[in-house]
Amino acid sequence: MRTTLVGSWPPEDRFAADLARYHRGELQSGAAEKLLTHVAAVAIAQQRQCGVDQITGGETSADSFILHFPRLLSGIIPSPNVTARDGRGTYTLVGAIEAPRGLGVADAFARERRIDSHLEKVTIPGPSEITMLMEPQETARMVGRG
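Here the working numbering is used: the first residue of the sequence shown is 1, the next is one more, and so on.
Quick caveat, the hints were computed from the structure, so don't treat them as lab data.
Don't be surprised by glycine CBs; every beta carbon is placed ideally from N, CA and C.
Be aware that one or more of the hints could be misleading.
[To be verified] Pairs of lysine to any residue residues, derived as SDA-like cross-links and limited to a Cα-Cα distance of at most 20 angstroms, are as follows:
#1 121 / 8
#2 121 / 52
#3 34 / 117
#4 34 / 110
#5 34 / 115
#6 121 / 106
#7 34 / 14
#8 34 / 63
#9 121 / 94
#10 34 / 113
#11 34 / 74
#12 34 / 116
#13 121 / 42
#14 34 / 114
#15 121 / 54
#16 34 / 50
#17 34 / 20
#18 34 / 21
#19 34 / 45
[To be verified] DEER-style ranges, computed between Cβ atoms:
#20 33 / 71: 18 to 24 angstroms
#21 83 / 23: 17 to 23 angstroms
#22 95 / 50: 24 to 30 angstroms
#23 120 / 81: 27 to 33 angstroms
#24 46 / 17: 44 to 50 angstroms
#25 54 / 81: 17 to 23 angstroms
#26 34 / 80: 25 to 31 angstroms
#27 78 / 29: 23 to 29 angstroms
#28 126 / 96: 16 to 22 angstroms
#29 110 / 31: 16 to 22 angstroms
#30 117 / 92: 38 to 44 angstroms
All chains should be modelled from the sequences, with the hints used to inform the complete structure.
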């Protein structure tokens, strides 16, 4: 079966502890960039070895696929439901949703493009994915359509 694009490629387990430190904000910017570049380079090489035609960095800078996006948004706050989603919790809408510092997708694409100049695509989640941790779910569906 021909595979043309992988939207998400998991980082190797050996990077888990360092990536967790990155997502907690415990790495200096230089160390963080070095780590993210190395993890993405490994993901890109693995995709090339598998024969994937259109590679991506595999979202290696993301904390568990799309579950890190709420931390990057304004207009939502953590809800009392802190045990949902393996302890990541859910969020409540309190205002207009914005991403004042972006979602990191453009930075990741630029980083990965420096690794492999043939990179042409990036995986970008839609509004319904970004807001899937919102409660009540009716609010998430309403925001996802906006």
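Given the range 23 to 29 angstroms, decide if the beta-carbon distance of residue 78 to residue 29 lies inside it. Cβ of residue 78 to Cβ of residue 29: about 26 angstroms, so the range 23 to 29 angstroms holds.
Kindly confirm whether 16 to 22 angstroms is satisfied by the beta carbon distance between residue 110 and residue 31. At 18 angstroms between Cβs, range holds.
20 angstroms limit on alpha-carbon distance, applied to hinted pair residue 34 and residue 115: Satisfied, since the Cα-Cα distance of roughly 12 angstroms is no more than 20 angstroms.
Does the alpha-carbon distance linking residue 34 and residue 20 stay inside the 20 angstroms limit? holds (15 angstroms)
Are the Cα positions of residue 34 and residue 50 separated by 20 angstroms at most? violated (25 angstroms)
Against the 20 angstroms threshold, does the CA-CA distance of residue 34 and residue 74 hold or violate the hint? At roughly 28 angstroms apart (the allowed maximum being 20 angstroms), residue 74 and residue 34 break the hint.
Does residue 54 sit within 20 angstroms of residue 121, going by the straight-line distance between their CA atoms? Holds, because 7 angstroms separates the two Cα atoms, which is no more than 20 angstroms.
C-beta pair residue 95, residue 50: status relative to the range 24 to 30 angstroms that was hinted: violated (43 angstroms)
Could you say whether the range 44 to 50 angstroms given as a hint is met by the Cβ separation of residue 46 and residue 17? Between residue 46 and residue 17, where Cβ atoms are some 20 angstroms apart, the hint is violated.
Starting from the range 17 to 23 angstroms, see whether the pair residue 83 and residue 23 falls in it by beta-carbon distance. holds (19 angstroms)
Next pair to validate is residue 34 with residue 14; report whether the Cα-Cα distance is within 20 angstroms. holds (15 angstroms)
Assess, step by step, whether the Cα of residue 121 is no farther than 20 angstroms from the Cα of residue 52, and give holds or violated. holds (13 angstroms)
Hint check: violations occur at hints 9, 11, 16, 22, 23, 24, 25, 26; the rest are consistent with the structure.
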